[in-house]
Amino acid sequence: MESNSALRVKNKNSSSFLTAFSTWRELGIVAVTLLLMGAITLRSPYFLNAANFEDILVAISLTVIVACGQMLAIIIRGIDLSVSSIVGLVAMAVGLFIRDKFDFPMGWTLVMGIGFGILLGAINGLLITLGKLPPLIATLASMSIFRGMVVVFSGGEWVNTYRIAPSFLQLTRRLVLGIPALIWFAILIAVGITLMMKYTRLGRQIYALGSNPNAADVAGIPKNKVTFIVYLISGTLAGLAGILWASRYGSVTNETGIGFELQTVAACVVGGVSVLGGSGKVLNVVLGAWLLGIIGNALTISNINPFLRLTINGVLIISAVVFDTLIYRRLGKQ
Amino acid sequence: MKKAENKPNIPNTLLRLASKWEFQLVIIIILLMAVGSTMTPYFINLKNQIQNSKNLMEIAIMALPMALIIITTGSVDLSIANNLLMSAVVMAKLFEAGVPMGLAVSGGLLAGTLGGLLNGILVGVVKLPPLVATLGTFTLFKGIGYSLLREFTVKGFPDAFNFIGQGKLPGTIIPFQLAIFAVFAVIYFFLLHRTALGRFIYSIGQNENACRYSGVPVDNVKILIFTLSGFMAALAGMVLAARYGSVDADIGSGYELTVITAVVLGGVLTTGGTGTLTGVFLSLWLVSEVRLLMNLLNIQGEIQKIIFGLLLILAILLPRLVDQIRSRRRLKQMEKEILGA
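Residue numbers (my numbering), protein chains in the order written: chain X, 1 to 334; chain F, 1 to 341.
Hints are computed from structural coordinates only; laboratory data are not their basis.
All values derive from a computational prediction rather than experimental measurement.
Watch out, some of these pointers could steer you wrong.
Selected chain X positions facing chain F (Cβ under 8 Å, derived; list incomplete) [as the list claims (entries may be wrong)]:
id, residue
1, T129
2, L133
3, L136
4, L140
5, T325
Straight line, CA to CA, 20 Å or less: simulated SDA-like cross-link-like pairs of lysine to any residue [unchecked claim]:
id, chain 1, residue 1, chain 2, residue 2
6, F, K93, X, K225
7, F, K127, X, K225
8, X, K132, F, P319
9, X, K132, F, K47
10, F, K127, X, G38
11, X, K132, F, L318
12, F, K127, F, E208
13, F, K47, F, I27
14, F, K20, F, T274
15, X, K132, F, K127
16, F, K127, X, G203
17, X, K132, F, R291
18, X, K132, F, L310
19, X, K132, F, R326
20, X, K132, F, G198
21, X, K132, F, R328
22, X, K225, X, S251
23, F, K47, F, R291
24, F, K93, X, P306
25, F, K127, X, S211
26, F, K127, X, R330
27, F, K93, X, N305
Some chain F residues well away from chain X (every beta-carbon gap over 12 Å; in silico) [claimed, not checked]:
id, residue
28, M39
29, T40
30, G98
31, L131
32, N162
33, L169
34, P170
35, I173
36, F176
37, L317
38, R320
39, E335
40, G340
Virtual Cβ for every residue (Gly too), placed ideally from N, Cα, C.
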């Protein structure tokens with residue numbers, strides 16, 4: 001949403017205020033996060049431990065991957081509550097599949113899992129575009145349905161580490177240039193989505209649709225097609241995260257992923273994606289995920305009541321949203 | 001335009017009646033009872049039915065304000081289940097600390113009401129979309145509930161309290177919480193269908209801007225309905241705690257889906273401005289019968305989840321289908337009138 005360099009008109013209206021506000025907000029989050037990290041290190045030096053840091057990065061990576069999809073849904077004024085169930089379902093499906101197949105090529109496993117995610121995302125997309133269900137209801141319903149299907153697949157069992165092919169576990173652990181593969185996945189997705197939003201027509205259509213759905217419709221933007229693609233992407237990314245989750249944690253239960261959808265929404269919202277739709281960058285998602293990841297980790301290692309995490313997340317979400325809304329209302333969002 | 005002939009147009013009248021959501025619900029319930037009774041002899045059993053209704057009362061209690069919220073805003077209150085949790089935890093903690101039960105319950109009710117008030121302020125004053133506001137409070141309430149209670153369970157409430165959830169009205173087989181629900185059902189019915197507030201609720205749902213310009217206290221109405229939602233969630237929490245006889249951190253988990261399903265199934269669409277409490281009563285009954293049947297057929301809890309998810313989807317798709325059929329029929333009729341005789 002920056003001004004095109006070809007247009008050298010200095011916008012004295014809300015557009016530049018918005019840009020300034022966004023930048024300050026992002027800097028603010030970075031500052032808060034760094035301060036927090038400093039405070040935690042003082043209280044507990046274990047924080048800077050490499051193993052601990054890796055834990056944080058893992059959690060952040062998974063969140064970023066799925067939250068990128070969630071961001072798209074939020075931008076078009078919707079939401080995808082089913083991502084947690086998609087993560088769990090794909091994780092369970094993949095886990096069950098490769099549990100006893102030690103020699104199955106990893107590439108194909110990835111493809112299968114992603115394909116499953118695409119299918120589930122498509123279901124959401126169809127419910128919302130063809131079925132004209134409000135995204136809230138559609139994804140609330142699919143969240144339940146997919147979660148129920150996890151048990152149907154698993155028959156109540158777990159999938160455990162010692163029964164999973166080592167090559168699968170390596171999928172996320174292999175070091176490429178010294179960094180675990182999982183983090184590379186997250187980086188790839190983040191960069192990919194950023195490029196898509198910035199340089200492709202679809203990206204611009206998504207922003208337009210979210211910014212002013214009526215105007216976008218009148219301007220000829222294929223509302224249903226764009227909406228369908230958004231939920232498709234969200235499901236796909238959730239599916240990918242499901243595979244990576246199973247690979248990284250080595251075990252999948254019927255409860256895997258429960259509550260994760262809130263984490264992704266929180267990451268988006270706290271990081272600066274507007275809940276009124278129409279704006280948001282991958283950078284927001286990354287910042288939000290980072291802050292939430294640090295807080296979660298801090299609570300765990302410093303022995304404060306770990307249940308406080310939810311409370312803090314809730315307060316953060318509410319504060320961020322209230323703050324953003326008050327500012328955006330000043331700018332007269334439609 | 002030629003005036004329509006005064007022939008009793010039976011198909012059309014029937015179709016109009018049939019297209020009434022409440023009528024369809026009655027038909028479905030009758031069908032379900034018929035089918036269910038062939039599947040298992042325990043279904044049409046008064047004792048089982050009464051026993052089963054106990055399990056739905058918490059959902060029913062929370063469905064009343066949810067209907068108001070959906071009619072008014074077209075959006076939902078996602079935080080009710082965790083508000084229930086938070087209120088029950090507050091009550092349990094007070095009880096544990098030795099506070100007399102009456103005060104503990106009041107404390108719980110107060111906590112829930114304050115939670116609802118927070119929602120009301122976020123939606124009515126800050127003007128957040130209800131979905132987002134309640135998503136935030138969903139997390140917040142859960143956090144508060146969990147942080148206070150952690151992994152413990154509080155048991156051993158006085159018998160007078162447990163009576164709320166386990167006892168019957170003296171001299172009858174009516175469970176106490178059914179009576180509580182009935183009282184509130186009447187109150188809400190009166191509120192929605194017989195007072196100005198009720199008319200405000202419908203009109204805000206139909207056209208909020210017009211209401212603002214007409215002097216309807218839109219924001220106050222919103223604050224009120226969310227506060228009510230909080231209070232009812234707390235009440236449901238008390239009933240649930242009394243029924244179980246204990247409070248733990250899982251209490252009420254996932255209830256919001258069932259409540260929303262029941263309300264939407266009752267004809268209160270998320271477009272706002274439509275729906276009746278009669279429909280909600282009927283759909284609550286339907287939901288409880290579906291649950292009973294599934295339990296009797298030993299269908300797993302997770303599969304029940306799938307069924308409820310599908311039910312929610314159907315609840316919205318079906319009226320659209322019916323609408324499409326009706327309008328196509330109307331179109332054909334108009335064509336006939338214009339082109340025909």
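Quick rundown of the hints versus the structure:
1. T129: Violated, because the Cβ-Cβ distance from X:T129 to chain F comes to roughly 13 Å (cut-off 8 Å).
2. L133: holds (5 Å)
3. L136: holds (6 Å)
4. L140: The hint holds - X:L140 has a Cβ within 8 Å of chain F, the shortest such distance being about 6 Å.
5. T325: With Cβ-Cβ at 6 Å, under 8 Å, it holds.
6. F:K93 x X:K225: Given pair F:K93, X:K225 is violated - Cα atoms ~52 Å apart, limit 20 Å.
7. F:K127 x X:K225: Not satisfied, since the Cα-Cα distance of roughly 30 Å exceeds 20 Å.
8. X:K132 x F:P319: holds (12 Å)
9. X:K132 x F:K47: At roughly 41 Å apart (the allowed maximum being 20 Å), F:K47 and X:K132 break the hint.
10. F:K127 x X:G38: violated (36 Å)
11. X:K132 x F:L318: Roughly 12 Å separates the two Cα atoms, so the pair holds.
12. F:K127 x F:E208: holds (13 Å)
13. F:K47 x F:I27: Outside the cut-off at roughly 23 Å; violated.
14. F:K20 x F:T274: OK: F:K20 and F:T274 at ~12 Å, within 20 Å.
15. X:K132 x F:K127: Not OK: X:K132 and F:K127 at ~25 Å, beyond 20 Å, violated.
16. F:K127 x X:G203: Judged against 20 Å, a Cα distance of about 28 Å means the pair is violated.
17. X:K132 x F:R291: violated (27 Å)
18. X:K132 x F:L310: The given pair, whose Cα atoms are some 15 Å apart, holds under the 20 Å limit.
19. X:K132 x F:R326: holds (18 Å)
20. X:K132 x F:G198: violated (28 Å)
21. X:K132 x F:R328: This hinted pair holds, its Cα atoms lying about 18 Å apart.
22. X:K225 x X:S251: With Cα atoms ~37 Å apart, X:K225 and X:S251 exceed 20 Å; violated.
23. F:K47 x F:R291: holds (15 Å)
24. F:K93 x X:P306: This hinted pair holds, its Cα atoms lying about 19 Å apart.
25. F:K127 x X:S211: Cα-Cα ~18 Å, so holds.
26. F:K127 x X:R330: Holds. F:K127 to X:R330 sits at ~13 Å (cutoff 20 Å).
27. F:K93 x X:N305: holds (17 Å)
28. M39: holds (21 Å)
29. T40: holds (22 Å)
30. G98: holds (22 Å)
31. L131: Answer for F:L131: violated, closest chain X Cβ roughly 6 Å.
32. N162: holds (27 Å)
33. L169: holds (35 Å)
34. P170: holds (39 Å)
35. I173: holds (33 Å)
36. F176: holds (30 Å)
37. L317: violated (6 Å)
38. R320: It is violated; F:R320 is separated from chain X by about 7 Å at its closest Cβ, not greater than 12 Å.
39. E335: holds (26 Å)
40. G340: holds (33 Å)
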